Amino acid sequence: MLTFIVRRLLITLPMMLVISFLVYLGLELTPGDAVSHMIDPEVANEVTPEQLAQLRAAYGLDKSFIERYGIWLVNIVQGNFGHSLSGGVSISAIVLDRLPATLELSVFALLFSTLIGCVLGTISALRRGSATDSTLTVVGMLGVSIPEFFFGLVAILIFALHLNWLPVGGRLMPGDESFIDHLPNIILPGIVLSLMMTAGVMRYSRSAMLDSLSREFIRTARSKGLPEWRINLVHGFRVALTPVVVLIGFRLPTLIGGSVIIEEVFQWPGVGSEFIEAVRGSDYPLVMSIALMSVFAVLMASLIVDVLTALIDPRVRLG
Amino acid sequence: MKKFLAMALATAVSLSSTYAWADRANQLSDERVRQAIAYAIDMDTIVATLFEGKAIVADSMIPNGGYKADGLERYGYDPEKARALLKDAGWDDGQVLDVVYYYGDQLTADLMVALQAYLGDVGIKMTYRKLEGDVGGQLNALPDSGSNTSAVKWDIAYGAKAALALQEYYNGYLSGKSSYTPGDADRDALIGRINGTVDVAVQKEAFKDFERYENKVLSDIPLYYQQLFIYESKRMSRNGGQYGNDQFTYDWNIVNWTAEPNDKGKKVLYTNTAPSQFFDHPWLNPGIYVFSKIGLDHLLTADGSLAPAGGQLAESYSVSDDGMSVTFDMRDGLTWHDGKPLTVADVTWSIETAKTVPGINGVFANTFDSIKDMSVDGDKLTINFSTLDPNMLLTFSQFAPLPKHLLEGLNPAEFQQHPFWQNPVGSGPFKIAEVQMNDFVRFVPFENYHGGVAKVEEIVAFPSGENDGNVIKNASAGRLDFGFTKSVADVKSLEEMEHMRVIPADIPYTRSLRINKFANISE
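Protein sequence lines correspond, in order, to chains A and B. Sequential numbering from 1 applies to the first sequence in the working numbering. Sequential numbering from 1 applies to the second sequence in the working numbering.
Same shape as in the complex, but just chain B:
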């Protein structure tokens, strides 16, 4: 009897371990199932109700505009079609999809409930869970080369892509780079066409071909385009300054902004995104935090859509016909806020250093990895590229050079931990006058700014991250004159305040369902 029990136990352990380690077949690798999911979700209703109209239903990862292909299938709500596609694909309605997400807001939780209901209606069961801990690893773990089994364990991941360059939407699908999309030579060729040119007309066509391809195979199911909402108080004026993608930097024309004087006769504006413990460096998020926006200049400037729009630290620039070389002619007499000269050496040092800092912005990294060499001739900097980088000018409109004399010799792995980030020195139109860490940062106009001295006498920034939980409270109290939010609830409240105005801006920020398309999923 004992022998029998031991054998039974051994068999049970063996079986359980076999099942525990077995890969499960993935029906999502069938594009009909993915299309069925797209048809099953009524995004029009979700946007109208959950998002109160403050989002745009997406039909592609790429936002609306000149790069959008015509005639894409919208996958409008059609549960009958979804059921038919699932039937064709032989969908096993006993399985339960594992849907993951990484946002902590209520809206995301509500969206999960809605998705569960819509999918359940066509016979797809799902559970959902928020990823905790090493979220990046759980989302992006790559399978072994050539494997048909994904290294990530989920079926569907709800997430977003906030692109600086449109290529960021699709470069991640290249063979061997995606955790949820197996390699495909046809797809690689289409991406190669996008990246192989700086000719805008050629690039647009390549994008459109790629979108048509993706519209059918649905590597991601695009759900909606997130809008960004710029808010400002009516006591300030941009005086013609433009509005655009405030997640990055563009020409705000801030030196010409004006503000009504306060009760002490001083023209002060209040904003957020000051630091709570240290200033965030600008080489990952170049435009989220106030110091990056008003305290740092770039070689080039950009317009509201982030298209390069002329020189900033560079007086002029020229690109070779083949796009493999760019020359910047720096302005004369530039200085840092501490009065030290800002030279070409600062720019080259910044580029060389950025190449060694882990986790910088992906567009910057691509540009810098493409650099063959740099040469300096007086105030002229020439950068030659070994491979074509269509986003090179975009990079130089967002990448802020930093002062070599204050940062030289740092350990790249501890870049953010350098004491410089307690009270940084910049080159932009406003300089830091006072840091009360976690209370406020006071900025005053930089008297030697090449673009003139700002008319606003002081900008006071209170600490917050990108998502400021105190927007409504501070705006109501007159302690917030400008900023941006993506929170639908905040927008509705701000719109009701008589002393505030809200300006919506379309940005390349797409929320989607990443579908795991590997033939098998590891358990």
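Okay, chain A solo, but in the shape it has when bound:
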């Protein structure tokens, strides 16, 4: 397994190089640059071409695409992520500022959705064809088909504006000094994000559990006279976990990349909303850094899924 992990980690480097080049190329092909986004179209006629050239030179935008990519790459290798073009803030500072917000939300949602999704999916499978199963199936279908922004707005309308139980959005308010202080702020976005994820986990775990319960080893376990709870939870559930782990594993990158829509709806200052702003403003050092982080997270998630799958299901061999 160690050889497998080392080999996968080594493959990660060239993959990140290729993907970073493609992202950089994509940015290059989008119309305009950071300077053209900094100047409001309504005052752009008051900026002289010389001033524009001065600005582009100051941000290194006067160099060729390959030169800029090379400089960026050398800096990254040296651990220098550079500065945001729009505000001059170091990218590491921006990421360190935004990442805790994203992690709070994502970890909350991931844990909540995994726990609730697995429990409901298992119940649904064990009571196949019952009213409970039908209800949970309908809820699951609604969960995966209704857009999360809609859920978010409805939740704000009911719980923040009508019932006045929770804040409408934002992460911190003046006077919040600890995690407990701003816990009320995370509940709505966290639960809305969780609900969307829960629906998926529930659907996956239900079908995996049904598949698992129809296998021969379950019949064998029953014939041995094992108690039903042990058959279902120890033997059936363990095998059913494999596809669920794959699904959850591929959601790990959202821990880093954030959920753009939920962050926008709930004014949550995470990495996702920063990324969108950076793309809108052609702030290429910031876009590249966040993209690279996300790529790394996806590759690592893939590795973790492979390792976990092998651990859960002894029939899977890494190679």
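Incorrect hints may appear among the rest.
With a straight-line Cα cutoff of 30 Å, these simulated DSSO-like cross-link-like pairs (lysine-lysine) come out [what the hints assert, rightly or not]:
hint	chain 1	residue 1	chain 2	residue 2
1	B	Lys177	A	Lys63
2	A	Lys63	B	Lys153
3	A	Lys63	B	Lys130
4	B	Lys355	A	Lys63
5	B	Lys264	B	Lys455
6	B	Lys68	B	Lys486
7	B	Lys177	B	Lys161
8	B	Lys81	B	Lys208
Distance ranges between label pairs, derived from CB positions [to be verified]:
hint	chain 1	residue 1	chain 2	residue 2	range
9	A	Gly26	B	Ala117	36 to 42 Å
10	A	Leu142	B	Ile503	40 to 46 Å
11	A	Leu103	B	Gly339	35 to 41 Å
12	B	Gly123	A	Leu292	53 to 59 Å
13	B	Gly469	A	His162	18 to 24 Å
Rather than coming from a laboratory, the hints here were simulated on the basis of the structure. If you're wondering where the values come from, they're calculated on a predicted model, not measured in any experiment. Every residue, glycine too, gets a C-beta built ideally from N, C-alpha and C.
Fit chain B to the supplied structure of chain A, relying on the hints for placement.
Quick look at chain B alone, frame taken from chain A:
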């Protein structure tokens, strides 16, 4: 056969490249066509329906008021007249006009649909597209000097002019400065008359003559005046403080504002336009963001219509009779929020620095470019001008001096990127107490403010740009006590909230169709 095919291919390539590079003749250079377009659009209906009455139909680029000429042709909806004018002009109804815009809102898209229908009804076909990328370059690229071919590729551009000074509406038409209006000596002379005086009565007449001229030639087809809507919660009171053009700074009398105490007994007000990554510097948009409004003072103050209304950092000021010199007498004992003295040296440094920063406000740039020299005598600053600038006082009521001791030595091209803009130090009635970047900024009264200490104990600002997408949500939740919007949809919702009031303000902000009038348009 091969030879024939090669020749045919060469001819086809040659022809296609010839056509691809050919300029196309522009019928919009005929003023009858422009007038026909104006007559073809029913702006009364558009304002009543699309804008739900929250805009004013425009008959000139200049907003209604003392500078507006009487008797201008309104170009009311008259499709028959439009068709007749097009017939006279020999309009080629096979051509398709390329109309561009740069706003991303639904209202603009709806307006494009309406314009397409109205123009189609009189025989003018158009397509529309949103400009992306280097919007400024695509809108403003200038042709070679003396060329009859425009460098911009569009026929009509839908856009806006938000003017700080009324001259901004027309100075852009000066020969060699416009991407869509060819140079014209008569027009230059009319603009020269506007800019050649500080006598308000003379200037008004010059404006009116210019409007009459433009009303006929229609360099831009004015569509509507955008109103600005100031909203505030009923738990606050301005106590006589005025309402005006909130896109800029004017005397809010904010030290006398009051707020009902919250459940902890604290008088806190909430607003928006706090930063998400850095505080926007105030030398481009002097009044959009909350820090510029409450954290920075100016040499002079202005009233709601932005007319200079007395000293602010300057205790008094005087202008020479010929308007070529102004002297400011600074208040004694002024300090920055960090306690360091605020002196004439900060003002002169700020002016000198602003001259080197790319992309500052156009009115400021004109004023500073007109400066011949500055001299300091104790607390007195005298600025002499080499050319007359009728907006000089306006500039000094909007231009905020910044602390030299914190910014000296900066690279002008990276002005906005200076670390100062992470937690700036100002001179206004409120100072920054806490910055949680992208969460909130907390302001508290500046205890040494020359105008007295504010009664409101705290102002909390949440991040947003000029167009805050969370106005309704935050106002509904009691997290927005004051601000402004230009969104018609927001205004309708705010008006329905019992705890909010909305005050419309007429501002110099005109939406128009910029018509490309060059004889040819480059392809």
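Taking the hints in turn, this is what the structure says about them:
1. Lys177(B) - Lys63(A): Holds, at about 29 Å.
2. Lys63(A) - Lys153(B): holds, 27 Å
3. Lys63(A) - Lys130(B): holds, 28 Å
4. Lys355(B) - Lys63(A): holds, 26 Å
5. Lys264(B) - Lys455(B): holds, 16 Å
6. Lys68(B) - Lys486(B): holds, 23 Å
7. Lys177(B) - Lys161(B): holds, 15 Å
8. Lys81(B) - Lys208(B): Between Lys81(B) and Lys208(B) the Cα gap is close to 26 Å, so the pair holds against 30 Å.
9. Gly26(A) - Ala117(B): 36 to 42 Å: Check passed, 37 Å falls within 36 to 42 Å.
10. Leu142(A) - Ile503(B): 40 to 46 Å: Given a distance of about 43 Å, which is inside 40 to 46 Å, the answer is holds.
11. Leu103(A) - Gly339(B): 35 to 41 Å: Between Leu103(A) and Gly339(B), where Cβ atoms are some 39 Å apart, the hint holds.
12. Gly123(B) - Leu292(A): 53 to 59 Å: holds, 55 Å
13. Gly469(B) - His162(A): 18 to 24 Å: With Cβ atoms ~21 Å apart, the hint holds.
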